[in-house]
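So the protein lines, in turn, are chains H and F.
Under my numbering, residues 1 to 124 are what the first sequence spells out, in order.
Under my numbering, residues 1 to 124 are what the second sequence spells out, in order.
What the hints contain is simulated information worked out from the structure, not anything from laboratory work.
Any given hint could turn out to be false.
So the derived label-pair ranges between C-beta atoms look like this [as the list claims (entries may be wrong)]:
{"#": "1", "chain 1": "H", "residue 1": "A56", "chain 2": "F", "residue 2": "D102", "range": "36 to 42 Å"}
{"#": "2", "chain 1": "H", "residue 1": "E59", "chain 2": "F", "residue 2": "E40", "range": "44 to 50 Å"}
{"#": "3", "chain 1": "F", "residue 1": "D88", "chain 2": "H", "residue 2": "E3", "range": "32 to 38 Å"}
{"#": "4", "chain 1": "F", "residue 1": "P41", "chain 2": "H", "residue 2": "R5", "range": "21 to 27 Å"}
{"#": "5", "chain 1": "F", "residue 1": "E59", "chain 2": "H", "residue 2": "S121", "range": "30 to 36 Å"}
Here's a subset of chain H near chain F, in silico, CB distances under 7 Å, partners left out [what the hints assert, rightly or not]:
{"#": "6", "residue": "A72"}
{"#": "7", "residue": "H75"}
{"#": "8", "residue": "W114"}
{"#": "9", "residue": "D118"}
The model shown is predicted, which means the values in this text are computed figures rather than measured ones.
Glycine is no exception: its CB is placed at the ideal position from the N, C-alpha and C atoms.
Protein chains: 2
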Amino acid sequence: MAEIRDVVEQYVKLVGTGPTEDIVALYAPDAVVEDPIGTEPRRGHDAIREFYDVLADLERETELRPDSVRIAGRHAAFMFVLVTKFGDQRLTISPIDAMEFDDDGRITSMKAYWGQDDIVSETA
Amino acid sequence: MAEIRDVVEQYVKLVGTGPTEDIVALYAPDAVVEDPIGTEPRRGHDAIREFYDVLADLERETELRPDSVRIAGRHAAFMFVLVTKFGDQRLTISPIDAMEFDDDGRITSMKAYWGQDDIVSETA
Chain H
1 MAEIRDVVEQ
11 YVKLVGTGPT
21 EDIVALYAPD
31 AVVEDPIGTE
41 PRRGHDAIRE
51 FYDVLADLER
61 ETELRPDSVR
71 IAGRHAAFMF
81 VLVTKFGDQR
91 LTISPIDAME
101 FDDDGRITSM
111 KAYWGQDDIV
121 SETA
Chain F
1 MAEIRDVVEQ
11 YVKLVGTGPT
21 EDIVALYAPD
31 AVVEDPIGTE
41 PRRGHDAIRE
51 FYDVLADLER
61 ETELRPDSVR
71 IAGRHAAFMF
81 VLVTKFGDQR
91 LTISPIDAME
101 FDDDGRITSM
111 KAYWGQDDIV
121 SETA
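Just chain H, same shape as in the assembly:
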């Protein structure tokens, strides 16, 4: 339980600060990422690296929503906010992520729940 919560906190922190390789290392080698859920799943470290690499060059920050982490055995769900900035453009996205973990606390599955309604685009 405590371990899974730690991984969730690390995950959100790393999505905000990177490097990509540290995010990828939280995943099991054959893990599957579906972000948003319903889109083509990305399977394995290479596909997952490609996904998070999009963030690598962006100015960004994340915040785990306080009291949102729900843990049930090897499963967790939580809300967080990701803000990315390019130039004077500021994009805020606030998903609910659902994760499954293996015995070693590595993420085996991540499914992100968000739609257009959960994205806010602002110009400074």
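Given the coordinates of chain H, assemble chain F onto it according to the supplied hints.
For chain F alone, coordinates are given in the frame of chain H:
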């Protein structure tokens, strides 16, 4: 999108007030409920009815957490609070539910994320 949000709102409302049969009617006939996620899935209206019938005789209320509903295509995730009362005992449970829907907006899958940490028991 709007339809799925309506079903989510109806679901949370009915879990707090509804006759069991109205909750069951929100589900597709072969739907699967896993509550909490990781436990034996309950498949079909009969098994689902049995599950919600436990609530039928309890004094209870629910609240959908404002701004928690995330919708991605046929999928939704959201936080809500269920308070049950028996005698001077008050039990609060606050899960994140993840749902999938069919073309008619009926729930085909519900997985609830909560653990012991998400239950608060109080005596009045």
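Results of checking the hints against the structure:
Judged by the Cβ atoms, the range 36 to 42 Å given for H:A56 and F:D102 holds: they are separated by roughly 38 Å. The beta-carbon spacing between H:E59 and F:E40, approximately 46 Å, falls within the hinted interval of 44 to 50 Å. In this structure the hint that F:D88 and H:E3 lie 32 to 38 Å apart at CB holds, the actual value being about 37 Å. For F:P41 and H:R5, the Cβ-Cβ distance of about 25 Å falls inside the hinted range of 21 to 27 Å, so the restraint holds.
Remark: the range hint 30 to 36 Å for F:E59 to H:S121 is contradicted by a beta-carbon distance near 45 Å. Given the 7 Å rule on beta carbons, the hint for H:A72 holds: about 4 Å separates it from the nearest Cβ of chain F. Hint status for H:H75 relative to chain F: holds, with the closest Cβ pair at about 5 Å, below 7 Å. Proximity of H:W114 to chain F holds as hinted, the smallest CB-CB distance being about 5 Å (cut-off 7 Å).
The closest approach between the C-beta of H:D118 and any C-beta of chain F is roughly 6 Å, which is under the 7 Å cut-off, so the hint is satisfied.
In this structure, only the earlier hint numbered 5 is contradicted, and the remaining ones agree with it.
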